[in-house]
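Go by the hints and put chain B onto chain A.
There are 2 protein chains.
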Amino acid sequence: MSEAPSITAAILVIGDEILSGRTKDKNIGTIADHLFGLGIDLREVRVVPDVAAAIIAALNALRHSYTYVFTTGGIGPTHDDITADCVAEAFGVELREDPAAIALLLERIKPEDLNAARRRMARIPVGASLIENSVSKAPGFMLGNVIVMAGVPSIMTAMLQAVTPRLQTGALLHTVNINVDDLPEGAYATALGAVAARHAAVSIGSYPSLVDGRFRNQIVLRCRDQAALDAAATDVGAMMAQLAAKH
Amino acid sequence: MSEAPSITAAILVIGDEILSGRTKDKNIGTIADHLFGLGIDLREVRVVPDVAAAIIAALNALRHSYTYVFTTGGIGPTHDDITADCVAEAFGVELREDPAAIALLLERIKPEDLNAARRRMARIPVGASLIENSVSKAPGFMLGNVIVMAGVPSIMTAMLQAVTPRLQTGALLHTVNINVDDLPEGAYATALGAVAARHAAVSIGSYPSLVDGRFRNQIVLRCRDQAALDAAATDVGAMMAQLAAKH
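Chains as they are written, first to last, in our numbering: chain A, 34 to 280; chain B, 34 to 280.
Next comes chain A alone, as it looks inside the complex (with noise of 0.2 angstroms):
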């Protein structure tokens, strides 16, 4: 089956506070369901601490590999805030004072009030496009591949949105979800199986959830083209038919 080449992403999070358990990351799910939405693959996230060498490190790797990296965290007037610096370093530019993010920054903060540490927050990578940020104003920015977001879980999903028609987007993937609660996973996995094996374009996954100390099972079958995914899915609920007749 010949495709159109598929856009891809990474997930790069920055932030000692989700690795010491602190904060609990809300924004990879928030990505990944709006990157979904878009025809994005998804395939890959990494959190790091907020220290240079593994930020610029994870940062190469990633932006190397995919269509887009999208990091959050690290740009706020803080001195432990150094993402701006690293995606600098990373890409071997320089990091300057941009007058259009001073004017952002002063449409909240008054012209007194603007200080070095808040002045920190207007240094772009030459070469990077501003983000907007509609809740406080200090915004992203996209350099090449990497789109730089805040760590605040409304304000990265204000700058998702404000990148969003920047973005090359893919064909949707069509999604079909079949609730087991009657049989277990073993009782159907070997079959489920053999039907994966026959629809090999066609992503099939069986997903255990624990409700009350009993297992709820979901097949979802995943497919850009929905000729394929219907055949799959229909072959899954005969599978299916056939093992509760047994039963």
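Simulated from the structure, these hints should not be mistaken for laboratory data. Among the hints, erroneous ones may be present.
Copies of the same chain look alike in the list, so a pair counts if it works inside one copy or between any two.
Simulated pairs of lysine to any residue, SDA-like, Cα-Cα distance not exceeding 25 angstroms [to be verified]: (1) K57 with S187; (2) K143 with T197; (3) K279 with R257; (4) K59 with P132; (5) K279 with E165; (6) K143 with L128; (7) K57 with R129; (8) K279 with L139.
Chain B alone, transformed into the frame defined by chain A:
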């Protein structure tokens, strides 16, 4: 300051369902909290899809970089559960049906229901030790420095508890949290940076959150040396008092 060598860890989350947004991960936060309480430094997290090459590459990168690697997901009975295969391949050992694992499965599954798919859950890399699963019996395992756990949160948590006595633990990281409700980050960032520079042994972070459209910040100080931590916290307190007096 001389210190005991730190005990480090990474988490490898395995699963298409996290990357597609279908499932919102809860295990990272649980493991992060648990490791923090053991004095083990979580240094990196990666999320990869159910693709053998991606899993094996991440396993090999992480297991050579940190004291421990905790994996979640991909150890059920279905065709998309390939974590055990990947761990065996990464270590270059055989994957064999383990009689002890079969015995554990038989505590929950009737002998006549122990089909080929369920037997998949008893395939354990040679040299690994089993990790008890008090919730649904199918065990995890530990091979070298890699700890392989289920993805279902309640089962993952049971396995994390079960494996804990086998882990080398580190000195506890002491923490001081200072809530700052009345000053924006930009008002104290420069002064905080100066304090941080004077207390290089103490990790100092500033974390904003937006509550009803207003920023609330928390300054978090962390150090294994209580005296060094107290000195830095005193310094931050004095700095904040001075700033508050000015405002």
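Point to revise | Homo-oligomer pair classification [L128, K143; C-alpha up to 25 angstroms] | key: within (24 angstroms within a copy, 65 angstroms between copies)
Exercise for review: At 25 angstroms max between alpha carbons, let me know whether K279 reaches L139 within a copy, between copies, both or neither.
Suggested key: between (70 angstroms within a copy, 22 angstroms between copies)
Exercise for review: Since the copies are identical, ignore which copy is meant and state whether K59 and P132 lie within 25 angstroms (CA to CA) inside a copy, between copies, both or neither.
Suggested key: Answer is neither: 32 angstroms inside a copy and 41 angstroms across each miss the 25 angstroms cutoff.
Exercise for review: Using 25 angstroms as the alpha carbon limit, work out where K143 and T197 are close: within a copy, between copies, both or neither.
Suggested key: Neither: 30 angstroms inside a chain and 52 angstroms across chains, both beyond 25 angstroms.
**Study point:** Copy assignment of K279 with E165, given that the CA separation must stay at most 25 angstroms
**Key:** neither (58 angstroms within a copy, 32 angstroms between copies)
**Study point:** Identical-chain pair category, K57 with R129, by Cα at 25 angstroms
**Key:** neither (32 angstroms within a copy, 37 angstroms between copies)
Exercise for review: At 25 angstroms max between alpha carbons, let me know whether K279 reaches R257 within a copy, between copies, both or neither.
Suggested key: neither (33 angstroms within a copy, 60 angstroms between copies)
**Study point:** Intra- versus inter-subunit Cα pairing at 25 angstroms for K57 with S187
**Key:** So K57 and S187 pass the 25 angstroms test inside a copy (14 angstroms) and across (17 angstroms) alike.
Hint check: violations occur at hints 2, 3, 4, 5, 7; the rest are consistent with the structure.
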